[in-house]
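**Q** Take the sequences, apply the hints, and build the full model.
Now for the letters of each chain:
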Amino acid sequence: MGNLFVSLRNAAGAMKVFERAAGVVQSNVANASTPGYAKQVQVLTAMPMDLDRGLPGGVASGGTLNLRNAYAESTVRQRLTASGFADERRAQLEQLEPLYDIGGDSGLGGAINRFFQSFAALTVAPNDLAARQTVIDRADSLARAFQSMASGLTQAARSAEQALEQRVAQLNRTLEEIAGINSIFRQDYRAQDDPGLQARLHNLLEDLSELAGVTVLRREDGTVSAYLGGQTMLTSSDRFFPLSVDTSNPGRVDLLDSQGNVITEQLSGGRLQALVDVRNNVLPAEQAQIDRLAQTLADQVNGLLLAGADLSGNPATQGLFAYNASLGVARTLSRTSMTAAELPAADPLAPGGNAVAVQVAELAQAKLIDGYSLVQFYAVRASAAGRLIAEGREAAGVAGQLVQQARQFREEIQRVSLDEEAVVLMQVQRAYEAAAQMIRVLDEMTQTVLGLVR
Amino acid sequence: MNPDGASPACWPELAARLHAAATQAKAAARLAPPSGAEALLESLNTVSACLCEAERLCRSGLLEQKEDFRRELEQWAADAPLLRAWVGASAALAAGWAAAAGVGAGYGPDGGRPGQARGGISESG
Chain A
1 MGNLFVSLRN AAGAMKVFER AAGVVQSNVA NASTPGYAKQ VQVLTAMPMD LDRGLPGGVA
61 SGGTLNLRNA YAESTVRQRL TASGFADERR AQLEQLEPLY DIGGDSGLGG AINRFFQSFA
121 ALTVAPNDLA ARQTVIDRAD SLARAFQSMA SGLTQAARSA EQALEQRVAQ LNRTLEEIAG
181 INSIFRQDYR AQDDPGLQAR LHNLLEDLSE LAGVTVLRRE DGTVSAYLGG QTMLTSSDRF
241 FPLSVDTSNP GRVDLLDSQG NVITEQLSGG RLQALVDVRN NVLPAEQAQI DRLAQTLADQ
301 VNGLLLAGAD LSGNPATQGL FAYNASLGVA RTLSRTSMTA AELPAADPLA PGGNAVAVQV
361 AELAQAKLID GYSLVQFYAV RASAAGRLIA EGREAAGVAG QLVQQARQFR EEIQRVSLDE
421 EAVVLMQVQR AYEAAAQMIR VLDEMTQTVL GLVR
Chain B
1001 MNPDGASPAC WPELAARLHA AATQAKAAAR LAPPSGAEAL LESLNTVSAC LCEAERLCRS
1061 GLLEQKEDFR RELEQWAADA PLLRAWVGAS AALAAGWAAA AGVGAGYGPD GGRPGQARGG
1121 ISESG
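Protein chains in written order, with the working numbering: chain A, 1 to 454; chain B, 1001 to 1125.
Think of the hints as simulated: they come from the structure by calculation, not from any bench.
All values reported here derive from a predicted model rather than from experimental measurement.
Please note that the accuracy of each hint is not assured.
[Stated by the list, open to error] Partial list, derived from the structure: chain A residues whose beta carbon lies under 10 angstroms from chain B:
1. E220
2. L306
3. I439
4. T446
5. L452
6. V453
7. R454
Note that beta-carbon positions come from the ideal geometry of N, C-alpha and C, so glycine has one too.
**A** Shown next as structure tokens:
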């Protein structure tokens, strides 16, 4: 009967292993669709078999192996950082699209065209009050178009600031959650083996990476530390260090660490950098170009008109446009109180003529900015903005595809295969069938021994 | 004492071991798989060892004070059908898992198509 017991002991040992394996399998199957979950594997170890020395062989549990791959996780996080930057930049730049209407008659370009067309019409009938009033009205429209453009850019900047504050708040909540999981790991080292908790932690690290480029370090006690741009500590152990946004400087926004130090320059990718870049660089640059256009137009038109004479032959006393450069030319551009009769269309030496009106009308074709006419310059700006938006969309699309690719690579390594899990489940089934067989053998043994003891 | 070193006092001890193992086996068999598997196999192993030891004592001619053991053995024999039923139920449940995962006992060259559920067991004793 000795060999039978060896077999029984081996079966019992295998059952113990199967029991643990089945527990792991149940976790894998239950989490097959859980985001961030990495497959767990029960390691099986063959035991030495030498019956003469009392070594029965069999199989033993070698512990649980986590198939999470650090390289794959890191790759996903890096690509999320790039994707977060591209996607946020795209979203912010798309706000510029309705501002640059190049449809011809509408928007700022149309307003500039119509303004100069009104002067062209004035050259034909310089003393016609209706034509003069049209010029005044078109000047009004042009000023409002510049104001609208400036207002749109200001609104886009404000929107970027608000988005930045929301994203920073989101980042701080993520840091707090990571610190909470770190705290659990510190209190109970066994929690490191909890695949659900690990999945949650890695999801949070992905969220963090999408917001900002971070360096993640894993410590021996299972906790993770995250550093912004590899420099500023965001979380370590069960502590986290919230960031904040400084909007007190009207020209820009800055990111502050928990001590109030400016750490904007440490941003390297992620949604936060996109927002800061659009707010501090892209939008101010656009605003400056529109201000240039507005100032050039206003100064050129005013300069010509101030040298002219009105309907009564009196010298001009004011220009057609006014602005406050310190508050922003486009934003403050307005028509002065000049009336239709006061519009100086004639040369003072030839009252009633159209000399000044002709000069102003000719500005439409003059190369006044960077070798472009005023309308051409606007078209170039609109084209540049359109290209910027298109590039932003393309970059966001490519970055999104790269994230998918990295995730697929990771999935291939650590995903749960229900087919593979099914094999283990079958082993458990077989093990119970083996137990039933054991009971049959015991029945026979029982009858034999009963016959002996009765 | 007999030449093997066994004594009549072995029987009460053996009876106690059999009683404990049988009780543990019945309790473990009622647990849902796989949580009871380890305890079940341990107790079945102990029962096996008790039976083996009893056979050895009998063949050694040590038959005094075996009444307690005989009663425990008869109780074990009476409980065995119920134990078989419980283990059979656990085996069916485990087969259900495999079936739910898309693979059953018949999976393979001689079984059903891959992915075809073939739950159940052919024999449970």
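**Q** Each hint needs a verdict: does it hold in this structure or not?
**A** Hint by hint, here is what the structure shows:
no. : hint : result
1   : E220 : violated (32 angstroms)
2   : L306 : violated (87 angstroms)
3   : I439 : holds (5 angstroms)
4   : T446 : holds (5 angstroms)
5   : L452 : holds (4 angstroms)
6   : V453 : holds (5 angstroms)
7   : R454 : holds (7 angstroms)
Hint compliance for this structure: hints 1, 2 are not met, and every other hint is.
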